[in-house]
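Those protein sequence lines, which keep their order, are chains A and B. Note that the working numbering has the first sequence beginning at 1, numbered continuously upward. Note that the working numbering has the second sequence beginning at 384, numbered continuously upward.
Careful, some of the hints might be misleading.
In silico DSSO-like pairs for lysine-lysine, Cα to Cα no more than 30 Å straight-line [said to hold, decoys possible]:
1) Lys635(B) to Lys491(B)
2) Lys873(B) to Lys118(A)
3) Lys769(B) to Lys555(B)
4) Lys110(A) to Lys904(B)
5) Lys769(B) to Lys670(B)
6) Lys118(A) to Lys635(B)
7) Lys555(B) to Lys110(A)
8) Lys769(B) to Lys223(A)
9) Lys475(B) to Lys509(B)
10) Lys475(B) to Lys223(A)
Hints were generated in silico from the structure; no laboratory data involved.
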Amino acid sequence: MSPDSEIPGAGGVAPRAIPPNGGPGGTVTGDPELVAEIAGDEGGDGQRGGPWAIAWRRLRRNKFALFALGVFLLIVICCLLAPVWAEHVAHTGPNQTHPLEKLHEGNEVKEVVEPSGKAIGPQFFAAGGKFFLGADGHLGRDEMVRLLYGGRSSLFIGVVAAIITTVLAVVFALLSGYYGGWTDTVISRIMDVIWAFPVVLLSLALGIVLAVGGLEIGPIHVKGNSLWIPTLIIGFVYTPYMARPLRGEILGLREKEFIEAAVAQGAGSARIMFLEILPNLMSTIIVFFTLNIANNMLLEAVLSYLGAGVQPPSSSWGTMISEGFEALYNEPLLTIIPGTAILLTVLSVNVFGDGLRDALDPKSKVRFEARAGTADTEAVGPV
Amino acid sequence: MKKVSIFLLIAALAAVSAVALAACGGGGSTSSPSTSESEGGSKPAAEGEGNEGGTLRGAYTSFPDYLDPQISYTAEGWTAMRPVYVPLLTYKAAAEEEGAEIIPGLAKELPKVTNGGKTYTMFLRKGLKYSNGEPIKAGDFKYAVERCFLTNSGGSPFYTDIIGAEEFAKTKKGGISGIKVNEKTGEIVINLMKPRGTFNNELALMFVAPIPQKTPDEDQSATPIPASGPYMITKSQPGRGWDYERNPYWAKDNGKEIELPSGHVDKIEIEINRNQSTQVNDVESGKLNWIFDPPPTDRYQEVKEKFEGTQFRTEPTISTYYFWMNQTVEPFSNLKVREAVNYAVDPAALERIYTGQIVGTQQILPPGMPGYKKIELFPHNLKKAKELVAESGVKDKNITVWTDSESPNNDAGTYYQGVLKELGFNVELKILNPDNYFTVIGNTSTPNLDTGFADWFEDYPHPNDFFDILLNGESIQSTNNQNFSQINVKPLNEKIDQLATEQLGPQQETEYAELDEAFMKEATWAPYGTRTLSLFVSEDINLETAIWNPTFETELTSLEFKE
Numbered sequence: 001m002s003p004d005s006e007i008p009g010a011g012g013v014a015p016r017a018i019p020p021n022g023g024p025g026g027t028v029t030g031d032p033e034l035v036a037e038i039a040g041d042e043g044g045d046g047q048r049g050g051p052w053a054i055a056w057r058r059l060r061r062n063k064f065a066l067f068a069l070g071v072f073l074l075i076v077i078c079c080l081l082a083p084v085w086a087e088h089v090a091h092t093g094p095n096q097t098h099p100l101e102k103l104h105e106g107n108e109v110k111e112v113v114e115p116s117g118k119a120i121g122p123q124f125f126a127a128g129g130k131f132f133l134g135a136d137g138h139l140g141r142d143e144m145v146r147l148l149y150g151g152r153s154s155l156f157i158g159v160v161a162a163i164i165t166t167v168l169a170v171v172f173a174l175l176s177g178y179y180g181g182w183t184d185t186v187i188s189r190i191m192d193v194i195w196a197f198p199v200v201l202l203s204l205a206l207g208i209v210l211a212v213g214g215l216e217i218g219p220i221h222v223k224g225n226s227l228w229i230p231t232l233i234i235g236f237v238y239t240p241y242m243a244r245p246l247r248g249e250i251l252g253l254r255e256k257e258f259i260e261a262a263v264a265q266g267a268g269s270a271r272i273m274f275l276e277i278l279p280n281l282m283s284t285i286i287v288f289f290t291l292n293i294a295n296n297m298l299l300e301a302v303l304s305y306l307g308a309g310v311q312p313p314s315s316s317w318g319t320m321i322s323e324g325f326e327a328l329y330n331e332p333l334l335t336i337i338p339g340t341a342i343l344l345t346v347l348s349v350n351v352f353g354d355g356l357r358d359a360l361d362p363k364s365k366v367r368f369e370a371r372a373g374t375a376d377t378e379a380v381g382p383v
Numbered sequence: 384m385k386k387v388s389i390f391l392l393i394a395a396l397a398a399v400s401a402v403a404l405a406a407c408g409g410g411g412s413t414s415s416p417s418t419s420e421s422e423g424g425s426k427p428a429a430e431g432e433g434n435e436g437g438t439l440r441g442a443y444t445s446f447p448d449y450l451d452p453q454i455s456y457t458a459e460g461w462t463a464m465r466p467v468y469v470p471l472l473t474y475k476a477a478a479e480e481e482g483a484e485i486i487p488g489l490a491k492e493l494p495k496v497t498n499g500g501k502t503y504t505m506f507l508r509k510g511l512k513y514s515n516g517e518p519i520k521a522g523d524f525k526y527a528v529e530r531c532f533l534t535n536s537g538g539s540p541f542y543t544d545i546i547g548a549e550e551f552a553k554t555k556k557g558g559i560s561g562i563k564v565n566e567k568t569g570e571i572v573i574n575l576m577k578p579r580g581t582f583n584n585e586l587a588l589m590f591v592a593p594i595p596q597k598t599p600d601e602d603q604s605a606t607p608i609p610a611s612g613p614y615m616i617t618k619s620q621p622g623r624g625w626d627y628e629r630n631p632y633w634a635k636d637n638g639k640e641i642e643l644p645s646g647h648v649d650k651i652e653i654e655i656n657r658n659q660s661t662q663v664n665d666v667e668s669g670k671l672n673w674i675f676d677p678p679p680t681d682r683y684q685e686v687k688e689k690f691e692g693t694q695f696r697t698e699p700t701i702s703t704y705y706f707w708m709n710q711t712v713e714p715f716s717n718l719k720v721r722e723a724v725n726y727a728v729d730p731a732a733l734e735r736i737y738t739g740q741i742v743g744t745q746q747i748l749p750p751g752m753p754g755y756k757k758i759e760l761f762p763h764n765l766k767k768a769k770e771l772v773a774e775s776g777v778k779d780k781n782i783t784v785w786t787d788s789e790s791p792n793n794d795a796g797t798y799y800q801g802v803l804k805e806l807g808f809n810v811e812l813k814i815l816n817p818d819n820y821f822t823v824i825g826n827t828s829t830p831n832l833d834t835g836f837a838d839w840f841e842d843y844p845h846p847n848d849f850f851d852i853l854l855n856g857e858s859i860q861s862t863n864n865q866n867f868s869q870i871n872v873k874p875l876n877e878k879i880d881q882l883a884t885e886q887l888g889p890q891q892e893t894e895y896a897e898l899d900e901a902f903m904k905e906a907t908w909a910p911y912g913t914r915t916l917s918l919f920v921s922e923d924i925n926l927e928t929a930i931w932n933p934t935f936e937t938e939l940t941s942l943e944f945k946e
């Protein structure tokens with residue numbers, strides 16, 4: 001679908017009506033309040049375009065959000081280039097140990113790990129890029145290589161878990177909000193049960209159990225040390241936090257005239273849900289998705305720090321903080337470096353997500369905050 | 384002995400009564416110094432110049448495997464229970480060689496050995512009581528031995544030579560016929576199937592410390608068993624900590640004759656604190672008085688430089704750190720693979736990982752143990768290791784490496800995983816909580832028990848202690864197994880059994896050295912070091928009088944506050 005299209009969706013069985021929140025999934029021609037707002041936004045210069053174009057223009061004006069996006073993309077690119085750095089610069093892998101290795105810097109010979117166990121500090125390019133950020137402790141692993149590979153793990157979990165949450169939440173919210181009745185009751189109660197557990201506690205419990213025995217569902221077997229374990233857990237535990245506000249929005253949407261029109265024209269439930277309702281949820285979903293990535297990365301760090309996330313020797317920023325914490329007094333950089341990486345990434349994602357929300361739906365009240373087991377979710381529609 | 388005037392006698396009796404009454408009052412904390420030692424007549428091995436009384440606060444990084452004398456088989460558990468449960472025989476509360484001396488515990492004297500070394504006879508002291516006031520009976524010893532088998536204790540193989548023990552281990556019914564007790568006289572007669580040169584040592588182990596016969600035959604870590612020693616455990620919360628108070632019947636009864644110190648403090652509170660660095664901070668600030676585990680590796684040198692001689696002391700141990708390889712499964716059923724691992728593991732690298740707290744080794748017996756003769760069959764050679772793996776032709780290259788999360792054992796596991804990967808194996812690392820690590824790897828039904836970290840600190844100063852439990856095929860058991868390699872080589876089993884019947888002498892020591900070499904030729908372990916531990920106390924604790932026993936490590940009864 002083109003972001004500028006007047007009519008969202010394909011097929012065009014029913015004439016789509018105006019989306020209730022003026023999101024990019026609908027036209028902008030029928031809601032006087034929205035039209036006035038957008039006209040005001042655009043300064044009445046006649047460059048209206050579709051809602052996606054308007055959203056993009058709003059986002060472009062938010063330099064802070066664009067800067068955050070730039071930072072995030074830079075981090076992603078750096079992490080994706082981890083194997084290149086490892087192979088061509090550091091000449092070592094993320095889990096390769098060097099307790100007895102010596103570095104030759106000119107006439108000077110430095111031990112990667114001193115007999116006292118103290119690891120070498122940042123060398124930057126003094127040793128040709130080897131141990132750029134130093135070694136990670138008495139195992140003598142290259143901190144920079146582990147940081148880049150750790151970032152891949154953290155980003156993988158952040159993004160994939162957000163996809164899992166989004167898919168599960170959208171499906172459950174559509175079924176629950178559209179069908180109502182028993183379907184709604186059953187799904188909502190299941191969500192309530194998950195919601196009742198603090199996020200960290202639930203994911204910690206699942207993480208500890210699955211890290212030992214792995215996950216076995218029919219033919220699918222996921223090993224305990226697989227990255228998929230924390231990914232699936234995080235994707236699962238955040239589902240209610242997205243599904244409930246979406247369901248609320250759907251409850252409002254299903255009463256709208258364009259749904260009645262679709263029903264009157266004989267459209268099936270699946271078609272109404274996925275082609276009529278879903279496009280109208282896109283702005284909310286996109287905002288949730290971005291904010292979810294940041295939350296997922298934080299939860300991953302917490303779980304890994306507590307030993308229930310990414311399993312050693314694989315690195316993630318959470319495990320690196322955990323390992324570095326043991327040497328906090330003598331080698332604080334081992335904690336500060338991955339901590340800063342998490343801070344920058346989460347901050348950039350959050351700032352960009354906020355900017356995106358403002359751009360897509362300035363009136364939205366969507367907030368996604370689930371820290372330390374508490375959730376504070378305000379949704380557009382009734383929850 | 385001096386004559387005691389009637390006046391002094393009355394005064395002493397009054398003081399003892401006052402202390403006993405105060406102790407019977409129970410529960411209330413008292414800050415007044417205890418006078419039980421001097422009045423009670425026992426001779427503490429370490430009497431310092433310090434204050435008596437007070438509450439000692441200590442920390443462990445993990446909860447011991449069990450706080451149950453028949454089941455616990457770790458240094459953590461034995462240090463914790465040393466002042467609580469006294470076996471018939473015990474070790475002197477002293478350091479170094481003196482600490483290896485066997486003395487009568489609850490028994491009146493050392494056993495009389497007759498019948499060609501097959502019958503041990505001894506008498507229980509009279510008037511002994513548990514901390515709940517119940518009398519200690521001769522039958523309690525018999526029950527303790529039986530309970531070892533009932534609970535599938537890792538220590539039960541020490542007692543299988545008692546007549547009827549093997550049958551009892553199978554049926555768990557009818558008692559062990561080889562132990563006869565007379566409740567009236569307190570006589571205990573133990574009949575063995577064959578002479579056992581280490582039996583006195585084994586009678587001094589915590590496994591057979593008498594306990595009340597009504598104690599359930601299941602783990603009692605959370606519900607402390609009544610004590611026979613100077614302290615009793617008053618509260619135990621597995622995973623969180625435990626508390627001690629003085630055993631009110633020690634000063635009154637048990638402690639009068641038993642040559643063990645009564646302890647200096649009135650209460651001991653142990654907490655579990657996973658963060659070793661926080662433990663160090665807490666000792667520095669005086670919040671904690673003693674920690675069981677040494678400072679974490681990254682702070683070890685700092686603590687050593689700052690506090691050595693005043694609050695910190697290094698202590699050698701008779702121990703071996705090693706990677707076991709399960710010989711019952713591929714690829715470690717193949718000798719070439721095991722040899723390759725031995726060539727690939729570099730003790731020098733592990734010395735660095737343990738920040739100098741181990742001394743590299745490549746053999747079963749550690750220095751200081753009778754029979755130790757230095758051998759080095761596998762000098763580090765990665766190239767040769769790779770060649771051996773190639774020659775082995777093993778097909779199953781998926782390996783699970785087990786270790787615990789305590790630093791630096793977790794790093795040793797990570798290093799080992801890297802070594803195995805270097806040799807071309809697909810390796811999964813499993814890092815378990817140290818609280819249950821040995822329970823999990825000691826259960827032979829745990830899946831993927833391929834290889835992993837383990838350590839062994841002597842139970843008693845006899846080389847058989849390193850062979851019988853850890854390497855004798857007859858010691859393999861389904862739970863609480865200690866033969867992690869599950870090695871079962873008949874000629875070597877027979878040699879262990881034969882040497883076990885003999886009293887230790889120069890000839891036996893030579894044969895134990897040969898046995899060491901024979902096991903290393905089997906390459907069933909990849910040993911890498913002998914541990915140096917440390918004692919670290921707060922500045923208000925008297926370091927000079929603190930005792931480090933070769934078997935029980937820190938003698939909690941020796942810790943006292945300075946004046």
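Here is what the structure says about each hint:
no. : hint                   : result
1   : Lys635(B) to Lys491(B) : holds (17 Å)
2   : Lys873(B) to Lys118(A) : violated (46 Å)
3   : Lys769(B) to Lys555(B) : violated (48 Å)
4   : Lys110(A) to Lys904(B) : violated (37 Å)
5   : Lys769(B) to Lys670(B) : violated (51 Å)
6   : Lys118(A) to Lys635(B) : violated (53 Å)
7   : Lys555(B) to Lys110(A) : violated (62 Å)
8   : Lys769(B) to Lys223(A) : holds (27 Å)
9   : Lys475(B) to Lys509(B) : holds (21 Å)
10  : Lys475(B) to Lys223(A) : violated (50 Å)
Comparing the model with each earlier hint shows violations of hints 2, 3, 4, 5, 6, 7, 10; every other hint is respected.
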